[in-house]
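**Student:** Spelled out, the chains give:
Number of protein chains: 2
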Amino acid sequence: MKGNDTVARQMPDKDGKNELHEDAMTGDGRIDMEIIEGLFFAYRDFVSDPDAILEKSGFGRAHHRVVHFVNREPGMTVADLLDTLKITKQSLARVLKQLVDSGYIHQVAGPEDRRQRKLYPTRTGRELALALAEPQSRRIARAFEKMGPDDRRTVIRFLAGMQNAKSD
Amino acid sequence: MKGNDTVARQMPDKDGKNELHEDAMTGDGRIDMEIIEGLFFAYRDFVSDPDAILEKSGFGRAHHRVVHFVNREPGMTVADLLDTLKITKQSLARVLKQLVDSGYIHQVAGPEDRRQRKLYPTRTGRELALALAEPQSRRIARAFEKMGPDDRRTVIRFLAGMQNAKSD
DNA sequence: CAAGATATGTCAGCTTTGTTGACATATTTT
DNA sequence: AAAATATGTCAACAAAGCTGACATATCTTG
Chain A
1 MKGNDTVARQ
11 MPDKDGKNEL
21 HEDAMTGDGR
31 IDMEIIEGLF
41 FAYRDFVSDP
51 DAILEKSGFG
61 RAHHRVVHFV
71 NREPGMTVAD
81 LLDTLKITKQ
91 SLARVLKQLV
101 DSGYIHQVAG
111 PEDRRQRKLY
121 PTRTGRELAL
131 ALAEPQSRRI
141 ARAFEKMGPD
151 DRRTVIRFLA
161 GMQNAKSD
Chain B
1 MKGNDTVARQ
11 MPDKDGKNEL
21 HEDAMTGDGR
31 IDMEIIEGLF
41 FAYRDFVSDP
51 DAILEKSGFG
61 RAHHRVVHFV
71 NREPGMTVAD
81 LLDTLKITKQ
91 SLARVLKQLV
101 DSGYIHQVAG
111 PEDRRQRKLY
121 PTRTGRELAL
131 ALAEPQSRRI
141 ARAFEKMGPD
151 DRRTVIRFLA
161 GMQNAKSD
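These protein sequence lines are chains A and B, in that order. Position 6 of the first sequence, counting from 1, maps to 6 under the working numbering, and the rest follow consecutively. Position 21 of the second sequence, counting from 1, maps to 21 under the working numbering, and the rest follow consecutively.
Note that these hints are calculated values from the structure, not bench results. Watch out, some of these pointers could steer you wrong.
[What the hints assert, rightly or not] Short derived list, chain A residues pointing at chain B, Cβ under 7 Å:
| id | residue |
| --- | --- |
| 1 | E19 |
| 2 | G29 |
| 3 | I31 |
| 4 | F41 |
| 5 | Y120 |
| 6 | T154 |
[Stated by the list, open to error] Computed cross-link-like contacts, BS3-like style, restricted to lysine-lysine with a CA-CA straight-line distance of at most 30 Å:
| id | chain 1 | residue 1 | chain 2 | residue 2 |
| --- | --- | --- | --- | --- |
| 7 | A | K56 | A | K17 |
| 8 | B | K146 | A | K146 |
| 9 | B | K97 | B | K166 |
| 10 | A | K89 | B | K166 |
| 11 | A | K166 | B | K56 |
[To be verified] The calculated label-pair distances, taken between Cβ atoms and stated as ranges, are:
| id | chain 1 | residue 1 | chain 2 | residue 2 | range |
| --- | --- | --- | --- | --- | --- |
| 12 | B | G103 | A | A93 | 36 to 42 Å |
| 13 | A | T88 | B | D15 | 34 to 40 Å |
| 14 | B | I87 | A | E145 | 25 to 31 Å |
| 15 | B | F41 | A | T26 | 27 to 33 Å |
| 16 | A | D150 | B | A160 | 14 to 20 Å |
Cβ coordinates follow ideal geometry from the N, Cα and C atoms, glycine included.
Using the sequences and the accompanying hints, generate a full structural model.
**Tutor:** Below, the structure is given as structure tokens:
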């Protein structure tokens, strides 16, 4: 390889900043590594479920999120969606435009406030959202398979407790 | 605005593909919307915790993941890390190089197989990983605050059940 | 009614983080 | 000696985030 060979014996290291740790980081029980990593792996696999379907439509995960929430709350405005996704206007504009142009979402001027664009799924938009949610829901069902119905309550409370307080 | 006004009355729509849905997508009880969305919001806020710290070091979330797992399993190889993160070699190479160059991670040729590069955190690398884990752990503790210790077990089982089976 | 605030769209450009495919080097295995 | 393996690297690209500025339509307010 190139000359980036490394040796176990380190450079002079007065302050100890380059001293190596061979022991696993545990956090001395003050850090909940188990939940931190459980969340990472669970979410990593959870969001990978819809990838096959998304590829067929030529969309990505950003489109998934948009089409999901518009289906969940038809008539929501662009501002609502920005607040839900916590991304910027331009980031949203790109994927939203593609979904509108492809006929998955329609925009309707607000009946009271005509500056608003209320977002509605079309039939194909609804079908896509359902198809994307389905494998995720199956994964969830499988996870709960050997657990009780009270366990589902517990998980819901946990997930709610992990979220930031609503600002409005 | 531009001429992208939309009206509630749609274009001719024989097949109904453009018909709008004004009703919220429920999945008719077959889709677990509550958990799907709970996971999304929980993870969205969970990963935003370390952002302030990362900005100081000039790193991003990809660096966070690398420095975390190297700290958790010092001596892991590049191949191990690729398998954990499920990203490509080039994606990892970029951020790993930056972490090595900045002195957060050291590489040591494998003692048995000298082709391998075993990864170890330096002292600063360990400190960074702990600092990043801390706000996340506090969030988790807060979520469990009003729940029992058995609830933590339940959540761990759920998160494990959400993961793909290990291939090896 | 004029002025300002608001909701949305859009332009231009940048960054991070993912992807592919090809190829080089050192080392181990066969 | 040849093949396989672990890693690094080059070039190029794509998705999805960001900023700041500015335009338009519409609503609210003085």
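**Student:** Hints first: check each against the structure and report whether it holds.
**Tutor:** Do the hints match the structure? See the list:
Because the smallest distance between the Cβ of E19 of chain A and any Cβ of chain B comes to about 5 Å, under 7 Å, the interface hint for this residue holds. Given the 7 Å rule on beta carbons, the hint for G29 of chain A is violated: about 10 Å separates it from the nearest Cβ of chain B. Hint on I31 of chain A holds. Least Cβ distance to chain B is approximately 5 Å, under the 7 Å limit. At about 5 Å, the closest approach between the beta carbon of F41 of chain A and any beta carbon in chain B falls short of 7 Å, and the interface hint on this residue holds.
The interface hint given for Y120 of chain A holds, since its Cβ lies 4 Å from the closest Cβ of chain B, which is under the 7 Å cut-off. Given the 7 Å rule on beta carbons, the hint for T154 of chain A holds: about 5 Å separates it from the nearest Cβ of chain B. Note on K56 of chain A and K17 of chain A: the hinted pairing is violated, with a Cα-Cα distance of about 49 Å set against a maximum of 30 Å. Simply put, K146 of chain B and K146 of chain A have alpha-carbon atoms about 25 Å apart, close enough for the 30 Å limit, and the pair holds.
Taking the CA atoms of K97 of chain B and K166 of chain B, the gap is near 28 Å; set against the 30 Å cutoff, the hint holds. The suggested pairing of K89 of chain A with K166 of chain B is violated, with an alpha-carbon distance near 39 Å, which exceeds 30 Å. Of the pairs offered as hints, the one joining K166 of chain A and K56 of chain B holds, with about 27 Å between alpha carbons and a cut-off of 30 Å not exceeded. Judged by the Cβ atoms, the range 36 to 42 Å given for G103 of chain B and A93 of chain A holds: they are separated by roughly 40 Å.
Between T88 of chain A and D15 of chain B the Cβ separation comes to about 36 Å, which falls inside the hinted range of 34 to 40 Å. With their beta carbons about 30 Å apart, I87 of chain B and E145 of chain A fall inside the hinted range of 25 to 31 Å. Checked against the hint of 27 to 33 Å, the pair F41 of chain B and T26 of chain A passes, with Cβ atoms roughly 29 Å apart. At roughly 18 Å, the beta carbons of D150 of chain A and A160 of chain B sit within the given window of 14 to 20 Å.
In this structure, the hints that do not hold are numbers 2, 7, 10, in rising order.
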